[in-house]
Structures are given as C-alpha cells and as structure tokens.
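Model the full structure from these sequences, guided by the hints.
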Amino acid sequence: MSQDPIPEADLSRRLFLRSAGSVAAGGVLAQGLLGACAAERAEARSASAAPSVAEGPEELAGEIEIELELNGAKQKLKVEPRTTLLAALRERCAPPLTGAKDVCDRGNCGACTVHVDGKPAYACLLLAVDLRGKKIKTIEGIGAPENLSALQAAFCEHDASMCGFCTPGFVMSITACLEQHPGADRATIQRACSGNVCRCGTYPHVFAAALATAQQAKKG
Amino acid sequence: MSSIEPTGAPRQDAKAQDKPRKTRKIKTTKDVNGVPQEIEIEVEDVDGPRWGERKELKLLNTELRRVDGPVKVTGRARFTHDVRLPGMVYARLLCCPYPSAEVEIDVKAALALPGVEAAIVLETKTRFLGQPIAVVAGRTSDHADDALRALKVVYKPLPWAVDRAQALAEGAPNVRKNGNQGKPGQNGDRAEAEAAVAGAAAKLEATYGVPVQHHASLETHGVVVDYTGGEEATVYISTQSTFAAVEQVAELLGLKANQVTCVVEYMGGGFGSKFGLGSEGAAACRVAKELKKPVHLMLRRPDEFVMGGNRSGNRVKYKAGMDKDGALVGLVAEAERFGGLGDGAMARPPYIYSAGKTYSEVVAVYTNTDSSRAMRAPGHPQSSFGMEAVIDELAYQLGLDLLDVRKKNLRDKVYHRQLERVAREIGWFEHPHRTKPGPNSGGKETGIGFGISTWGGGGSGGTECDVQIAGDGSVTVSVGTQDLGTGSRTLVTAIVAEEFGLALGDVVARIGNSRLPSATGSGGSTTTGSLSPAVKDAAWNAREAFSAHLAPLLKTDPALVRFAGGKVFSQANPNVTMTWKQASGTLPNAGLSAHGKWDKDRAAALMGNGVHGAQAAKVEVDTLTGRVRVLAMVGIQDCGLPINRLAVKSQLNGGMIQALSYALFEERVIDPVLGIALNANFEDYKLAGPSEIPEMTALIDDDDPRNAVIGMAEPAVVPGHSAIANAVHNACGARVRDLPLTPDKVLAALGRIA
Ligand code: FES
Ligand code: FES
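Chains as they are written, first to last, in our numbering: chain A, 7 to 226; chain B, 103 to 856.
Hint data in this document are derived by calculation from the structure and do not stem from the laboratory.
Model, not experiment: these values are computed from the prediction.
Note that beta-carbon positions come from the ideal geometry of N, C-alpha and C, so glycine has one too.
Don't take every hint at face value.
What the hints assert, rightly or not - Capping the alpha-carbon separation at 30 Å, the derived lysine-lysine pairs in DSS-like fashion look like this:
| hint | chain 1 | residue 1 | chain 2 | residue 2 |
| --- | --- | --- | --- | --- |
| 1 | B | Lys-391 | A | Lys-84 |
| 2 | B | Lys-279 | B | Lys-419 |
| 3 | B | Lys-788 | A | Lys-143 |
Claimed, not checked - Every beta carbon over 12 Å from chain B, so not counted as near; a handful from chain A, in silico:
| hint | residue |
| --- | --- |
| 4 | Gly-78 |
| 5 | Lys-82 |
| 6 | Val-122 |
| 7 | Ala-182 |
Right under this line is the structure:
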C-alpha cells in the first residue's frame, strides 16, 4: 500500500481538448494546459474584437460575446474560450437548450449529440468559439411534441425511450444517418449510433424504430 | 435492504381473484320499438375494484405507447439535470481520491476567483474512496471547475483496504469498528450436506465470483435546490422516491416539512441507487442556505462512479453433488459479499433450485469503498451466476442434457414450460452440443446457455390517488409517484382511461411532486403492486360516483351505467348514448373528484407477487482470440396481468442487455497499491453499446392465469449473464468462473494462455 499523495495536476482530456481543439481551428488560447486559473486570465475582450484572418491567429481570453447559428436562428451569447458547445447550449443560451445531455462530458456516451453543418458531433468535445459561422442543430430543432419527425414518431411507436435521458442523442445520430442513407439497413443504423449508450437497454426498440422509418422512406 | 434475501417466490394465493362471481338481478325498462318493456338484467355484484375479464380490456394488457414519449424524443422532458432557475449557481463536489485520509482544505484561493460563489469544506477525515470532502459553486459550471482546481488540499492518507486480500490480511486496518468481516449468516446442516456431496455420482468443487458493478444511470445523482431564503423551498431531485427527501431537506434548510416541495418530473434512471437526498443533496442544501440562491448540483461522471452506489460483488466456493439422473443431492456454499462499507446482498444458494441437503454460509467483507446499494434484483444475479454454472458443470460430467437437468431440479412447473419455450425459441433442440461442450477448435464455436429468475414484487400501503373529472370532460389523475423510465406515468393514465372507456390521450397524469397524494418509492419491483391498486381504487370510486350522478339522467340503475368507446349509456338501452363530454357537462361546476388508496383487502384482488422468468443466450466464441459475441438472447417472464405489454417487453429487453453488459464488460477496478479508481468513466468502464446488441426476443408468459398485476423489472436482469457464461462453456468448453468474460479469461480457460 503506497501512501504517497497523488499529483495534483489536472490533465483532464477536456482541458487538453479545449486548448488543442482551438489551436487546430486556428486560434491561440490564452489558457495554459495545466489548471489555468481564471484570475490569471486577461480581462474579457469585447465582441467587437472580431477575428481578423489577416492578422494571423486570433487570441481569445475571458468572457467574450459570440454569435452562433442555432436551429436556424442566430443567437448572441457570452462564452469563454474554454466553454464547450454543450455547456454553452445548456447554461449560456437563452432560453437554455437542455435537450443535449451532459452524461460523461468526454466523448464516451453520445447523449450530447448535435449536428454541425449536418454531421453528428459530440457537443461536449467542441468549443463554442470554434462553431462561429457553422450551422448547429440540436434536438430542439428536430421536431416538437405535437409535430414529431417520422423517426421521433417511430421512437414512440416502438417504445425506443425508457428513462429518456439518452434519447435525444440517439435521435440526433440516427436522424443524421437517415438523412444520408434514407433506406439504411440494420447494420448501418447500428453503426450510426454506435457512439451512443443507453443504460436502460432500449437498443432493440431503437433499431426497430429506425428501421421502420428507413423502410417508410424507401417506400416513399 | 436485508443482506440475505430468502429465495423462492412466495406464490400469490389467488383466492381473491378466483372468488366465484356473485350476481344480482336488476329490474329496469328497455325500449323495444319505442315501447318501454319491463326487463331484468343480471349484473356482477362485486365488493370492490377488479381488473375484469382480459378479453374485455381495451387498454390494459395491450401494447400502449408511453404517454411521455413525445416529450422525451424531442428533448423537451425536463430532468433535474435540466432545471434552470434565475440566479442559479452550479455546484460541484470534490471527492477524496484516497480510500481513507485526513484532509486539510484551504478554500481562500478558490473563493477569490471571479465567478466563484461558494467553497465549503464538508469532511476532514474520510472512510471511503470517493467520499465528498468539499463543495464549491460558481456562476457557471466552468467557474465551479475553476473553484475545484483552486482548492488547496493536503491529503494525509491513512491505512486502507480496498479489496478482499487487503481486508483479510494480517494487520489490516479496521474498515468498520468491529473489523473487516460481518457476522456470518448460516443455513442448513454442514455435515449432512458434505456427506450428501461425498456420496454423489458426480462432484464439483469450484469458486465463482462476480465483480462490483455500477448502476451507471445516465442521469447522475443530484438535485436543484430552489431556496432563496424565506419560508419555502422546492427541491428538484433525481430520485426513485418523490417523498423520501422532504424531511431531510427541511431540517437542513431550517424549514418545516410542509414548506418543502420535492419534484421529480422525469428522471434518467436509478436501478436502485437513488433513494433519499444523499450526501450530494445535503451539500447542495448547505450551499443554498449559505448563498440564498438556487443551487444546481449533479454529480460529475467520475464522482458518480465512486460515490453513486454499486452492486456488491461476491465470491462463492461451491461443493456440489449430483446423482446419475441429474438430481442435485447436496450443496455446500461458502460466500463472501463485497459491498464496500456496506453489507452487500446475495440470495441464498441454491437460489431457485432444489439441491437436496444444503448448507450455506454468507459473510460480508468490508473495504474502504462506497457502500453497495440496492441494484435491480439485489443479490439475485450474484447468486444466479454460480448456481447456473454448477448445474451445467455437473450435467456435463454425467453427459446429461442441460435443459433436462434444470427441469429435474425445479419443482415449480412454471419454470419447465418457460425453459422449454426459450429453448425452442433459441434453437436448443437443433443444437449439436446438448450434453457436452463443443470443441476448442481454434475456430469459431457456437454455444447456448440457460438461466432462470424469481422475484417477489408485491406491493404495500402508502399510496393514495385522486381522480378528477371536469365539466369539459377532461380527466386528471394525481399521485405523487415517480416514473424512472419504467412507464408508471403511462400505467396511471391507462388504468383511469380503461375505467371510463376513454383513450389514453383523454386522461392527464400528474405525478412526481410531493404536493400530490402520497406514494411509495420505486424499489424492488413494488411500484406496480403499490400504485396500480390505489389508482384503480380512485378510478373505481370516481366511476361509482359518476354512475350515481348519471343514472337518473339515463333513467337507469347506477349499476347499469356503462362507459365505453368515449360514450356513456345504460346497459338496458345501449343505443341511447351520451358522449363523454355531454355526460361530463352535466356535472356541477366543480366537476367530480374521487379519492382512492392502497387498501389491503381491496388490493388483494388486484395485485400479486412472485414471478418466474427463464432466459437463454446463444454466443459465438472465437477460440483463437477469446472474443465472445452474443448472437441471440431470449427471455420469458410472467407478471400476472401485464398493464402495458410494450413496457413489459422493454423492461425484459433492458434487463437482458444489462446482464449482457455485466457478463462481458462491467467491473469496477481499483488499484490496490495506489488506492485509486482506475475506471471511473465510460471509456474504461464499458457498457454494452449498439454494436454488441444481439437478436433479442422478449416474451410475456401468457399462461400465467393470475388476473393481478405484479412488477417484473427486477427478475429481467437476473439470469442473462449466467446464461451467457454457460453458453461460452457450451460452445467450446471454456468455463470462466469469474465475470466479466474477457478474452484473456476465455483463452486461459481454453488453456491457450497461462
Ligand atoms: S456527454 Fe458528450 S459524449 Fe457523453
Ligand atoms: S432510455 Fe434510459 S438511458 Fe436510454
């Protein structure tokens, strides 16, 4: 039994992503990799400091106002460079978009799935600042209780939702799949949602719902 | 939860449901070609609510769509996790990374950060890995994370024990005051059982084990405490018991219980782990009391793993003997339960089987880890694993058919028909390896395995219900119960709609709020048995009252008023109808309301207990790589009168999938040297995902004659992992005696690796 203390460094994947992700997108964060402290951060810069391609990499720090296109509507919101899309949707939008769930916050479960430019993506692995200029669709943009999409109606029909916590993520993944492959077979559907987890075990019902929707689409 | 649950489902004495039907005759008039004629109509004379004949049911026992499906599939269902209130702060816990430690925490730096609102020390000495030691809060969760990182913590680790070897080692630290083992529970005569085993035709001595498993509900534990000072507080809570936290919240906030409301509109799974406020809820209350602001505290996933509960593991040493016809003649089981600081659970061997002379001894071994909690059929999956394996191993020794041997040791004939059914469904009778395992061929081999389950279920008092009919015909049923994803909201709605011949959509259920009529918590598959009779009672009382009101208008006897297909009429003149809306329009302004409750005598006619299930699994084992793929699972379950057949199937499939996950993937891993949790996240603690799902067949046992409702969520999870492990053995001779069935263990069992 070792009694040594554990190193304090918080090298979490998310922190890493926050930096690495932004750099990849052409920005440089004024945030260190290790336990960056908000107090050390520069004062918030106003939204008028818009990114300028000509001047090279954009430097972002503190709380900034950005504009996102959410479900077809432009919305201004205040985020920090490290704020994930998931946190932005759930905590910083008005009204908050809470359909995407925070289950693992590190890309393991699919409960936070949204569409970015039509492709499914984990909102917990994206930085809100990177999504300026992209089209973001959340579950709130897919259908409404009184106006369900064909897939959502099939989910109800086949009891593809039990507690329902994973359900928005599954709907997003499979919606994207069926947009690309309208007549998808079971294997394609299984692969499309293989990044989603359901603890209640609704999978067979999810597959049945997705297949029924695909078959309907085939029939036209 | 008692640590040893007796097994063998107590059978419902069906008397209340099977009473001979009493009838009485009512004189009335009937219009025949416009001429009133005196007639006599015979009606059933019942002293209380009954479900009625199955063939006459319009909603119950059919496949109902969940009433909350549309809000769930659109992301509109508001879970505790999703509650957003003005001025709300986000709180996080700091959980001790050591199994036991003295802790010093300096919160100053954290409090100095912008956006940080609170940092409170909760504990300075800990007893289990993951025990919360501080709580912080910030304007956003990002700010709460800042605060967590800025806490200056000095840990002074204390001696600990995190596994069996450490707990039982010489000089081990005392995990609990009285040592590291509980009081053993013994049953049976050891010498007699040993002698029976010694004289048997086939003998086996082997040790089986299951690891600690996590509930892993997708919504973690947590609360939103809406308290801004003053006289009232509302607590949104992800819980299996709407009412359980009220008093504790009141005490913590310095309020009276009647000033606190608990709300659980939707909750993202519990599986036994979510009762009461918990230390996370208590911490949130402390923050709320200090800040007088609403506080959102949901456990982060790693914290959920270490402090959100678990299913206890076990290790059972079996000695068993079988005679040459396949009857077990003796069994000795020495079991240890691993429930952390708790006792764990294990159903007493030989579980459901008859095993001749038996002796069992069960003892808890304590470690500095989170206490186990009830988890879907506590103790049963743990017990099932060893017993189902023992049967197969002995049957193979004797060259007997695995299905025949099971039947031989099961007195309750319900299991015989259920086993035969799943055997037929999975292709057992065409399977080549029914009496001995397939070969360790170096290629892929296919095998089949079985397992059975039982559970009590039943129900108890404490649930009350209101049904209201408004003048415009809208119907509301109110009861404080919670819907964990089990479908209780739909159940409540369906029972009332059935009573009045309405459609599901005509009734609105209000649940999940402690201001509504009281309800019991959802544990042990008792919700159906506790809730349904109360709702039925209220619906029945409402119908009686409405019938009495309508009888003069329909010029008939109240006993002849009928509600069907959205219409109201007298049985004497079925052609003269009022619509439901017209009938409701005759009510006084306040409409009509009726109350009902779970009453022992009335409930006896409506609910039962004691269920049976059998499951079969078909697997493919790659004998070269040790990889196991489940190809098919079939389960059958009785549950008396199913309220919603679709929900029953979902429960059964869900249980089998959780068992598959337990069989192949799940295991909590703690490093014994460092004492740290190694897989407290979803990439290292793997749950079965879409790619692992086989062909699934969920069957409801309609040969169950009981016209009473019985919960069935627990038994669904009991035998699947046993069936899968048995199928692996059957495929290629690889007997893996401890879960999960990872490739390395399969290869070792095949003798391909050491
Ligand atoms: S919360 Fe994003 S993948 Fe789990
Ligand atoms: S429905 Fe509960 S986690 Fe999927």
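Each hint tested on the structure:
A C-alpha spacing of about 28 Å is found between B:Lys-391 and A:Lys-84, which places the hinted pair at or below 30 Å, so the restraint holds. Between the alpha carbons of B:Lys-279 and B:Lys-419 the distance comes to roughly 27 Å, so the proposed pair stays at or under 30 Å and holds. Using a Cα cut-off of 30 Å, the hinted pair B:Lys-788 and A:Lys-143 holds, with the two alpha carbons roughly 29 Å apart. For A:Gly-78, the shortest C-beta to C-beta distance to chain B comes to about 16 Å, beyond the 12 Å cut-off, and the non-interface label holds.
Remark: the non-interface label on A:Lys-82 is consistent with the geometry, its nearest Cβ contact in chain B lying 17 Å away (cut-off 12 Å). Under the 12 Å C-beta cut-off, the non-interface status given to A:Val-122 relative to chain B holds; the minimum distance is some 17 Å. Interface exclusion of A:Ala-182 from chain B stands, the closest Cβ pair being 14 Å apart, more than 12 Å.
Consistency note: the structure conflicts with none of the earlier hints.
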